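Chains as they are written, first to last, in our numbering: chain B, 22 to 496; chain W, 11 to 176.
Bear in mind the hints are in silico, worked out from the structure with no lab data behind them. Here the structure is a predicted model, which is why all the values come from computation and not from measurement. Beta carbons are placed, not taken as given, at the ideal position from N, Cα and C, and that holds for glycine. One should not assume that every hint holds.
[Unchecked claim] Estimated spans, in silico, between C-beta atoms of each pair:
#1 W:P69 with B:M22: 23 to 31 Å
#2 W:R165 with B:G180: 36 to 44 Å
#3 W:R135 with B:M379: 47 to 55 Å
#4 W:A167 with B:F187: 23 to 31 Å
#5 W:A153 with B:S325: 51 to 59 Å
#6 B:M380 with W:P112: 46 to 54 Å
#7 W:A153 with B:M22: 42 to 50 Å
[As the list claims (entries may be wrong)] Reference listing, derived: stretches of chain W covered by chain B, where coverage requires no fewer than 3 residues with Cβ under 8 Å from a Cβ of chain B:
#8 17-28
#9 153-163
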Amino acid sequence: MIARLLISLLVPWALGFGLVRLAWPNQPASWAARLLVISLAAPLGFGVVSCLFFLWLLLPGLSIGGFAITEAVAAAALLGWGALVGSGRMKSIRTAGGSAPAQPDAPIARLRPLIVAACAAICIVGLGALAYDCFSGPHGGYDAWAIWNLHARFLARGGEHWRELFSLANSSHPDYPLLLPALVARSWLLAGAETTAAPQLLAVIFTLACVGILVSTIALVRNNFHASLAAAFLLGASHFVYNAVSQAADIPLSVFVLAALALVCLQAHFPHDSAGLAALAGALAALAAWTKNEGLLFFVALSSANAAVMLLGRQRLSWRRQILPFAIGALPILLLVAYFKGYLAPPSELVGGQSRAMMIARLTDPARYWLVVRAYITWFAIFGRGSIVALALYALCAGRQRGASDNAGATVLTLALMLLGYGFVFVTTLYDLAWHLSSLERLLMQLWPSILLAVVPLTATPGWAHAQAKFKAAA
Amino acid sequence: MRIDRQRLQAAGLLIALLFLALSSLRTLQQVIVRSPDAPFSDEIAVYERRAATLRPLLPASGAVGYISDRDDAGDFFRDYYMLRYVYAPLTLLAVGDVPRDPHGGFVPMASDPTKLPTLIIGDFRDRQRLEARRASMDLVVVAQVDDTLFLLCRRGARDAQGAICR
Numbered sequence: 022m023i024a025r026l027l028i029s030l031l032v033p034w035a036l037g038f039g040l041v042r043l044a045w046p047n048q049p050a051s052w053a054a055r056l057l058v059i060s061l062a063a064p065l066g067f068g069v070v071s072c073l074f075f076l077w078l079l080l081p082g083l084s085i086g087g088f089a090i091t092e093a094v095a096a097a098a099l100l101g102w103g104a105l106v107g108s109g110r111m112k113s114i115r116t117a118g119g120s121a122p123a124q125p126d127a128p129i130a131r132l133r134p135l136i137v138a139a140c141a142a143i144c145i146v147g148l149g150a151l152a153y154d155c156f157s158g159p160h161g162g163y164d165a166w167a168i169w170n171l172h173a174r175f176l177a178r179g180g181e182h183w184r185e186l187f188s189l190a191n192s193s194h195p196d197y198p199l200l201l202p203a204l205v206a207r208s209w210l211l212a213g214a215e216t217t218a219a220p221q222l223l224a225v226i227f228t229l230a231c232v233g234i235l236v237s238t239i240a241l242v243r244n245n246f247h248a249s250l251a252a253a254f255l256l257g258a259s260h261f262v263y264n265a266v267s268q269a270a271d272i273p274l275s276v277f278v279l280a281a282l283a284l285v286c287l288q289a290h291f292p293h294d295s296a297g298l299a300a301l302a303g304a305l306a307a308l309a310a311w312t313k314n315e316g317l318l319f320f321v322a323l324s325s326a327n328a329a330v331m332l333l334g335r336q337r338l339s340w341r342r343q344i345l346p347f348a349i350g351a352l353p354i355l356l357l358v359a360y361f362k363g364y365l366a367p368p369s370e371l372v373g374g375q376s377r378a379m380m381i382a383r384l385t386d387p388a389r390y391w392l393v394v395r396a397y398i399t400w401f402a403i404f405g406r407g408s409i410v411a412l413a414l415y416a417l418c419a420g421r422q423r424g425a426s427d428n429a430g431a432t433v434l435t436l437a438l439m440l441l442g443y444g445f446v447f448v449t450t451l452y453d454l455a456w457h458l459s460s461l462e463r464l465l466m467q468l469w470p471s472i473l474l475a476v477v478p479l480t481a482t483p484g485w486a487h488a489q490a491k492f493k494a495a496a
Numbered sequence: 011m012r013i014d015r016q017r018l019q020a021a022g023l024l025i026a027l028l029f030l031a032l033s034s035l036r037t038l039q040q041v042i043v044r045s046p047d048a049p050f051s052d053e054i055a056v057y058e059r060r061a062a063t064l065r066p067l068l069p070a071s072g073a074v075g076y077i078s079d080r081d082d083a084g085d086f087f088r089d090y091y092m093l094r095y096v097y098a099p100l101t102l103l104a105v106g107d108v109p110r111d112p113h114g115g116f117v118p119m120a121s122d123p124t125k126l127p128t129l130i131i132g133d134f135r136d137r138q139r140l141e142a143r144r145a146s147m148d149l150v151v152v153a154q155v156d157d158t159l160f161l162l163c164r165r166g167a168r169d170a171q172g173a174i175c176r
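Here chain W stands alone, though its shape is the one from the complex (with noise of 0.2 Å):
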């Protein structure tokens, strides 16, 4: 009987630790060949050395608009959340229609439509897009960092420096 007990214990042992081996050969592989984290970071990086060319514009803090072309709640919420980790400790208040997350997450609005912050930030892919916006807001493209994002301030309104926007 102690024999049985002594071989059952052995082969709990062996498949125990075969199991654990060929897990974790298989974790370190599955890292190597794809970082689970690495298409994020990198495209922080990336966020981060565009949002340089715009801090010196930005207020130290409190808020400012965010506005997007973007209609896919993925895609929005994505792009949001990593300006908002880029900009911090700034708000991004959202300006227009935002996607409904189906996941129930939301960002923060700006309340009243009539009062909107003086900076926006604009991440647009549209062109065409963006200066349907510009019209119908009376915006002012204050600075211009590639083909998709933008500082677009009220046109008279006064920016972070004290200039007006025209």
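Chain B with its partners taken away, still in its complex shape (with noise of 0.2 Å):
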């Protein structure tokens, strides 16, 4: 059983490989981008068999067997045009005639020990609390039980009644997308039991992956410098650690977040596959429209950033090259989500519950407003024990570096878009605003990595962080 569960989860990361080695075939020969492809590979590859598991239960016919052939013949075949792809052989239609790509500037100088030792520790205790957390609670938190694994029980044992999950009240959510519900289930029925380890494994490979996009994005836009001081910051945050094993579907939501954003800031380091780039973005970001509806916001967000950013001439975006990548890559996916939304899922009772007159009372109500602000400020006080607060005191400390602004305009403009589409959804929630409220420690969570990404790069490098970088300076 765990053999068939490792398999199953080996494909779909062979699948991402594939797909990432395609779109980006003249990656630096580094340690960074190398870690940014199989980061990638993760969230790319879980998302697109959660897709096509999705298809399977719609369109029956093909037995669990034969789904999991067809999978694993797609991957094989991925992986191998990626590899050719890769190693030169084949030629990319999307880089045809294109020349070497543009290095970023990442400094190769070591850094001191010291620096090095102190992330690591930070990291490594972060790891022990999330493995410990792991194996302490094998059903996962509160909401991964009665809600996701609850939806991921229905799709697997529930047959040709599956459908039977879009009849559950609304106090689990049966409105919320099915990504995580359907790798799961897919999961359980390729390893032919319903095991813990199932949706365990896929937290713990969600988490990782998340360190490795932001850390290695980090050292190809940056240095090693900032990706160690990234590293440290998303792993000694406690929110981020007690959720990153509670097997619910903010972490995922945070990966494709972040992996979104990063692909969009790699863009202008590695111009000759912007193409790619582009369109494996645009897959990401409708990958958390397919996550959790606070996905959704995210897209339109990134979306409406990039087009702001460019109408106010801060950045040229290429329609080839970038625009249209980006609506291919993300197209396929939105459908699928439309279908869903439009077909199957109830109306999100946060919409569909309340009137026109309600959610205008409710909007004019400055209080609400008042209470939502102040949410705001507590809890970018206290998320992660102070995590913000530090970040921000360090990046004062630090100054900012010239020059590091790549996209970081968008970034910060989505980042901002986000919590303003939040704080529209509380002033306006049916629920009780103080309880619901809460709910910021996720959200914020959800952002926490794509935050560091905005935040980190942007901070002076140190004279004396690199312990050649005298010697590299006279050189």
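Put the complex together from the two separate chains, hints included.
This is the structure in structure tokens:
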């Protein structure tokens, strides 16, 4: 059973790996680029097989064995194709005729051992807490068994009656997208047993992918110092560690948000692969919408932020190399989400459960705005025992690095729009507002890796951080 | 001026790393002393074992009733959610009064009181209240897991195997 489960997890990763290699054939030969490909492969591959599993549920006729073989063949084909393109034996259509890729200006100097040791110790303690939490709660947190794994049980156990999931009452949120439940149900069916190891391993994979994407992206766009610091901030934040293996969809969502933003940032550094990177960003942003309702807001926020930055003339976007590939990457998944939302899922209680008059009354009540603002200030202060405050303090002390703002405007604007969107939902919520605002902890946790991606690279590198910095400067 | 900036950077890094080290050690300590999710996970494992007894007597899909003597909304909803998780993909239709959830959650109810589901899972801590319910709704105890969990059936109706409940 364990072997079958591991194979069921390896196949999506291989599929994702092939897709990333195909989309980014000219990746530099650095540890950061290799780590980024390995880390991106997980959310992309798992996202794609989640969509395939949902299609399998919708179009019965193929056995689960047949589905597994189809999936494995597709993964092997993509892996082979990606390897051929990556090794230069085949030319990717998008990069045919392209010259050598632009290399990022990441310093290769070694970090001072004390900084490396401190960051590594913080990461090891964080990962230790995460591992302990994983083993002590096999069914995950409250939301995991009350919502996500419950939905997975409907999909895995329900057979042809799996649509009865949508008859659940609002407290089970049957309107929530199915990326995570479909992944868990698929793993159970392929493993041949309903083991708690499946959602646990998926939670661990997504968490490690989050760390990998953050560290490698920052190492590529800046340097090892900022990458180490970002890893320490991520794994040193208590709320991230508590939620990491809770088996809810918040960490997968944070990974898709981070991955899409990271790829948007990387387009400026790898212009010859920008079309492929844009397609990957589109697919990952759409997969965020297939993970949670907040992901839909993210997709709109990301698209709007990029459009706004372009219209304001802060950044040039190419229709052929960026906008169109982004749309092509996102479209198939968005169609699936639209079908799910339009034909299967009941309307969200936050939207469908109230009249226009009620919504206007809430929107025109200043007391609700004040409650929301106060909650934002409080949660910004206490999140991760003060991690956001510590990050802000560090950024103030470190100062801003000149010229380190590639696509930072779009990233910051996307995050600001997300926070504004959450604020709108809180102001208009039909739930008890004070109680509903407690979910800000999870919402901030979803954005925490992306906040680090936006802020840490903007800070200046201290001259003494690298052991060889002086030598290199003199050289 | 350059030296000042470097000192400021060093101070910022030192504060950040010290904060993160203390925070992560505290997180590790809290996780080891009392994992936030452990109580629920343990309880679910117990529920799973209890539920195994009733599983063969329940239909594979569709709806069964759920009746409980929990008056406190927190207790009612927690036990309801746990049983629903254990018996998924069965839909548990609440029968009788349901405490009001202050957070706006609700559970699916048996819409027509005269057309109750044939099988009803009873979750009673008070035996007298169970007997009172049985009498008022003309229910038969089909199976009993322990002192609190029962499978009830409407007298004269057919159970999941097609047998008439007597």
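Against the structure, the hints come out as follows:
Between P69 of chain W and M22 of chain B the beta carbons are some 27 Å apart, a value that agrees with the proposed interval 23 to 31 Å. Evaluation of the 36 to 44 Å hint for R165 of chain W and G180 of chain B yields a failure: the beta carbon distance comes to about 31 Å. Distance hint check: the CB atoms of R135 of chain W and M379 of chain B are about 39 Å apart, inconsistent with the given range 47 to 55 Å. Range check, A167 of chain W to F187 of chain B: about 27 Å between beta-carbon atoms, so the 23 to 31 Å window is met.
One distance hint, 51 to 59 Å for the beta-carbon pair A153 of chain W and S325 of chain B, holds here, with the actual separation near 57 Å. Range check, M380 of chain B to P112 of chain W: Cβ separation about 22 Å, and the 46 to 54 Å hint is violated. Here the CB-CB span from A153 of chain W to M22 of chain B is close to 30 Å, at odds with the stated 42 to 50 Å. Under a criterion of three residues with beta carbons nearer than 8 Å to beta carbons of chain B, the stated coverage of the region 17-28 of chain W is upheld, 9 such residues being counted.
Residue count for the region 153-163 of chain W with a Cβ under 8 Å from a Cβ of chain B: 0. That is fewer than the three needed, and the coverage hint is violated.
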